[in-house]
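Line by line, the protein sequences give chains A and B.
Here the first sequence stands for residues 287 to 415, where the numbers follow the working numbering.
Here the second sequence stands for residues 2 to 495, where the numbers follow the working numbering.
Check before you lean on any hint, since a few could be wrong.
Unchecked claim - The calculated DMTMM-like cross-link candidates involving lysine to aspartate or glutamate, where the alpha carbons are at most 25 Å apart (straight line), are:
#, chain 1, residue 1, chain 2, residue 2
1, A, Lys346, A, Asp357
2, B, Lys230, B, Glu62
3, B, Lys148, B, Asp110
4, B, Lys230, B, Asp130
5, B, Lys114, A, Glu304
6, B, Lys66, A, Glu304
7, B, Lys66, B, Asp130
8, B, Lys192, A, Asp370
9, B, Lys66, A, Asp357
10, B, Lys66, A, Asp380
11, A, Lys312, B, Glu373
12, A, Lys346, A, Asp380
13, B, Lys230, A, Asp380
14, B, Lys66, A, Glu335
15, A, Lys346, B, Asp302
16, A, Lys312, A, Asp380
17, B, Lys150, B, Glu266
What the hints assert, rightly or not - To give an idea of the interface, some chain A residues facing chain B are shown, with a C-beta separation under 7 Å as derived from the structure:
#, residue
18, Leu313
19, Leu355
20, Asp357
21, Arg376
If you're looking for bench data, these hints aren't it; they were derived computationally from the structure.
Ideal placement from N, C-alpha and C gives every residue a C-beta, glycine not left out.
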Amino acid sequence: MLPVVALACSSHYEYAIEEFCLAKFKLDMEGLDQQHWCSWDDTVVSYLELTNCTFLVAMKMNCFWPNRLVDEFFIRIHRHYFHDCSPTGRLLHDPPNRVLGPFIIVPVLVTLLMTALVVWRSKRSEGIV
Amino acid sequence: CTMGNLRPLFLLFLPVLTSQVCPGEEMIETTVMLEEEVTEIPLYATTIRMATGQILAAQFECYLKILHDPPHTEAGPYCNRTWDGWLCWGDSSPGTAMQHCPSYFHDFDPTEKVTKVCNPDGQWFRHPDSNRLWSNYTLCSMYFEQKLKLAITMSYLAVVGHTLSVVSLVISMFIFSYFKCLSCQRISLHKNMFMSFILNSILMVIWFNIINKSTVSDSVSVQSSIVCKIFLSLILYTHCSNYFWMLCEGIYLHTLIIVAMFMGEQHLGWYYLLGWGFPIIPTVIHAIARLVFYDDNCWIDNTSLLYIVHGPIQVALVVNLFFLMNIVRVLITKLRVTHKTESRVYMKAVRATLILVPLMGIHFILVPLQPEGKLALAIYEFLMHIFTHFQGLLVAFVFCFNNGEVQSVVRRRSSQYKAQWRRHRRVTAESHSNYHTNSSFTETSRVTVSLEQAPFCSEDEKSQAAMHSLNRQSNGKHSYSSCKETLNVDSSVI
Numbered sequence: 287m288l289p290v291v292a293l294a295c296s297s298h299y300e301y302a303i304e305e306f307c308l309a310k311f312k313l314d315m316e317g318l319d320q321q322h323w324c325s326w327d328d329t330v331v332s333y334l335e336l337t338n339c340t341f342l343v344a345m346k347m348n349c350f351w352p353n354r355l356v357d358e359f360f361i362r363i364h365r366h367y368f369h370d371c372s373p374t375g376r377l378l379h380d381p382p383n384r385v386l387g388p389f390i391i392v393p394v395l396v397t398l399l400m401t402a403l404v405v406w407r408s409k410r411s412e413g414i415v
Numbered sequence: 002c003t004m005g006n007l008r009p010l011f012l013l014f015l016p017v018l019t020s021q022v023c024p025g026e027e028m029i030e031t032t033v034m035l036e037e038e039v040t041e042i043p044l045y046a047t048t049i050r051m052a053t054g055q056i057l058a059a060q061f062e063c064y065l066k067i068l069h070d071p072p073h074t075e076a077g078p079y080c081n082r083t084w085d086g087w088l089c090w091g092d093s094s095p096g097t098a099m100q101h102c103p104s105y106f107h108d109f110d111p112t113e114k115v116t117k118v119c120n121p122d123g124q125w126f127r128h129p130d131s132n133r134l135w136s137n138y139t140l141c142s143m144y145f146e147q148k149l150k151l152a153i154t155m156s157y158l159a160v161v162g163h164t165l166s167v168v169s170l171v172i173s174m175f176i177f178s179y180f181k182c183l184s185c186q187r188i189s190l191h192k193n194m195f196m197s198f199i200l201n202s203i204l205m206v207i208w209f210n211i212i213n214k215s216t217v218s219d220s221v222s223v224q225s226s227i228v229c230k231i232f233l234s235l236i237l238y239t240h241c242s243n244y245f246w247m248l249c250e251g252i253y254l255h256t257l258i259i260v261a262m263f264m265g266e267q268h269l270g271w272y273y274l275l276g277w278g279f280p281i282i283p284t285v286i287h288a289i290a291r292l293v294f295y296d297d298n299c300w301i302d303n304t305s306l307l308y309i310v311h312g313p314i315q316v317a318l319v320v321n322l323f324f325l326m327n328i329v330r331v332l333i334t335k336l337r338v339t340h341k342t343e344s345r346v347y348m349k350a351v352r353a354t355l356i357l358v359p360l361m362g363i364h365f366i367l368v369p370l371q372p373e374g375k376l377a378l379a380i381y382e383f384l385m386h387i388f389t390h391f392q393g394l395l396v397a398f399v400f401c402f403n404n405g406e407v408q409s410v411v412r413r414r415s416s417q418y419k420a421q422w423r424r425h426r427r428v429t430a431e432s433h434s435n436y437h438t439n440s441s442f443t444e445t446s447r448v449t450v451s452l453e454q455a456p457f458c459s460e461d462e463k464s465q466a467a468m469h470s471l472n473r474q475s476n477g478k479h480s481y482s483s484c485k486e487t488l489n490v491d492s493s494v495i
């Protein structure tokens, strides 16, 4: 297998993705209200299109994907559009401890309460306390 | 395989590449695989959609992290932060950077490690064949076949365990229901607990069958995901109810021996509430939390939200242990002084429950002790599966088959049948009852130790009532309990 030399992945690639991919993405994002730029549900499709596009251009130009230029491209995109977005929360993840805590503590406390209740009530009511 | 990094995108773009990209044209039509189109490929639809979504979200968060992380402070050359297509890598000094494998694909094991080498000159490692930047994901799926075989073997073991449990528990239920003389409050609690174990085992057998089918055919059916989630919730409910019925047993013994001092029957309604009614609460809370925070496919993932159910279970085990320790303490300290023989007998009543509680709790203790090596892990998994899935069999054995009373009753009945078969004579009911009434006269004394004696057991209600009225008279108390563990003791003893 001959080594594939990624010479084409220089300014040509950069130019190509700026021309073909960024234009559509810009249009999509401008069509969206700026407050919604950080909403993952609203932007996921455009982001997917953008990623697809950079991949296809790389394939066309015999580049491997991802590469340093792709990194820089996306860093610029994120700096412009997604600078203030929350760093986590899009993947399935456990809720933070301050939310998880009560969900666990409450059943535990109810368990202890129910146990005490059963111990107290299972005695016969005739004078045994 | 050097194409490792491209796998998800290839899967994603398979229809795109074959249908839309026309070589020679300058404009490239980009097609987006929207969710509606994805369902046309039913076998891969879910896996692709889920993997794509996860990978894209990971990419988004990676570039945010790259943007916001503070710059590298150490001196010397270092490799720049980058996104390699699947995982995010920060600024690294020359050497090997490691991360856990992602869980995008079913054959990726999240406990395995991904490695990425940073060369001393500050460049990431390039694969010699293709001269591309390359991270080593080979370990993630290398042992998949072996682990799958192990998992399938373990699931067969689990099915065997649960089936044996169901069979033995059904036999025990039959024994307890058929021999009416055994019935008392404690046996009612046993029967309810057995019922809970039977339900749990049946549900688990069905669950393992579903899992095995979906692993073999490599597809996850999304249509029945609501059914799947309800099923899992039912399994969690019966699992929780197992432990709470154990707790009911412990509380009953505690109340019987220490608190109520054998003064008579307890109100079982509260026990039913604790055993059947209470587990609904953690189950429903878990379902709601899961729907809101972590609604993955079929709720299979192991998340911290499972502690919503396992927390109360562990609390129940600890409280149960506390009650039983208290009983043992009382029996040893107070009764050893005054009534040696009785304390030995009381201990027998408690022994069964005392053995069972630690054994049921042991797999919770073992969970944090998971070893690393392959062989040790296999042994560990084997032991955990034994402890978890053979619990029903253990419970049936300890509470029924190993119980002296049950053994003597069954032996007596089988010898009766043998005698009748041999003699071919009809034994009248009256001669039976006379025989047993006489013997019970000699049995009643100030302290009736009925645990040791083989209880009489006939289906003649008259003779049974006669036996009970004798007990009543000898006690001098208003109430009686038909339960064989009750002992008539001076109230000054405890």
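Quick rundown of the hints versus the structure:
1. Taken as a hint, the lysine 346 of chain A and aspartate 357 of chain A pair is honoured in the structure, with Cα atoms around 18 Å apart against an allowance of 25 Å.
2. For a cut-off of 25 Å, the pair hint linking lysine 230 of chain B to glutamate 62 of chain B is broken: about 29 Å separates their Cα positions.
3. As the CA atoms of lysine 148 of chain B and aspartate 110 of chain B are separated by approximately 9 Å, the hinted pair is consistent with the 25 Å bound.
4. For the proposed pair lysine 230 of chain B and aspartate 130 of chain B, the alpha carbon gap of about 47 Å is over 25 Å, so the pair is violated.
5. Of the supplied pair hints, the one linking lysine 114 of chain B and glutamate 304 of chain A is violated, its CA atoms being roughly 35 Å apart against a limit of 25 Å.
6. Under the criterion of a C-alpha separation no larger than 25 Å, the hint pairing lysine 66 of chain B with glutamate 304 of chain A is consistent with the structure, at around 23 Å.
7. Of the supplied pair hints, the one linking lysine 66 of chain B and aspartate 130 of chain B is violated, its CA atoms being roughly 31 Å apart against a limit of 25 Å.
8. At roughly 60 Å between alpha-carbon atoms, lysine 192 of chain B and aspartate 370 of chain A are farther apart than 25 Å, so this suggested pair is violated.
9. Of the supplied pair hints, the one linking lysine 66 of chain B and aspartate 357 of chain A holds, its CA atoms being roughly 12 Å apart against a limit of 25 Å.
10. A C-alpha spacing of about 19 Å is found between lysine 66 of chain B and aspartate 380 of chain A, which places the hinted pair at or below 25 Å, so the restraint holds.
11. Pair hint lysine 312 of chain A plus glutamate 373 of chain B does not hold up; C-alpha atoms about 49 Å apart against a cutoff of 25 Å.
12. Among the hinted pairs, lysine 346 of chain A with aspartate 380 of chain A is inconsistent with the structure: their alpha-carbon atoms are about 40 Å apart, more than 25 Å.
13. With a CA separation close to 18 Å, the supplied pair lysine 230 of chain B and aspartate 380 of chain A stays within the 25 Å bound.
14. A threshold of 25 Å between alpha carbons decides the hint, and for lysine 66 of chain B with glutamate 335 of chain A the separation of about 21 Å falls inside it, so the pair holds.
15. Our distance criterion of 25 Å between C-alpha atoms is broken by lysine 346 of chain A and aspartate 302 of chain B, whose separation comes to about 39 Å.
16. Restraint check: the Cα-Cα separation between lysine 312 of chain A and aspartate 380 of chain A comes to about 33 Å, which exceeds 25 Å; the hinted pair is violated.
17. With a CA separation close to 53 Å, the supplied pair lysine 150 of chain B and glutamate 266 of chain B exceeds the 25 Å bound.
18. Hint status for leucine 313 of chain A relative to chain B: violated, with the closest Cβ pair at about 13 Å, above 7 Å.
19. Interface hint at leucine 355 of chain A: violated, since its Cβ lies 11 Å from the closest Cβ of chain B, which is beyond the 7 Å cut-off.
20. Annotation: aspartate 357 of chain A was flagged as interfacial toward chain B, and the flag holds, the nearest CB pair being 6 Å apart, inside 7 Å.
21. Annotation: interface hint on arginine 376 of chain A holds; nearest CB of chain B at approximately 4 Å, less than 7 Å.
Of the numbered hints given earlier, the model fails hints 2, 4, 5, 7, 8, 11, 12, 15, 16, 17, 18, 19; all others are met.
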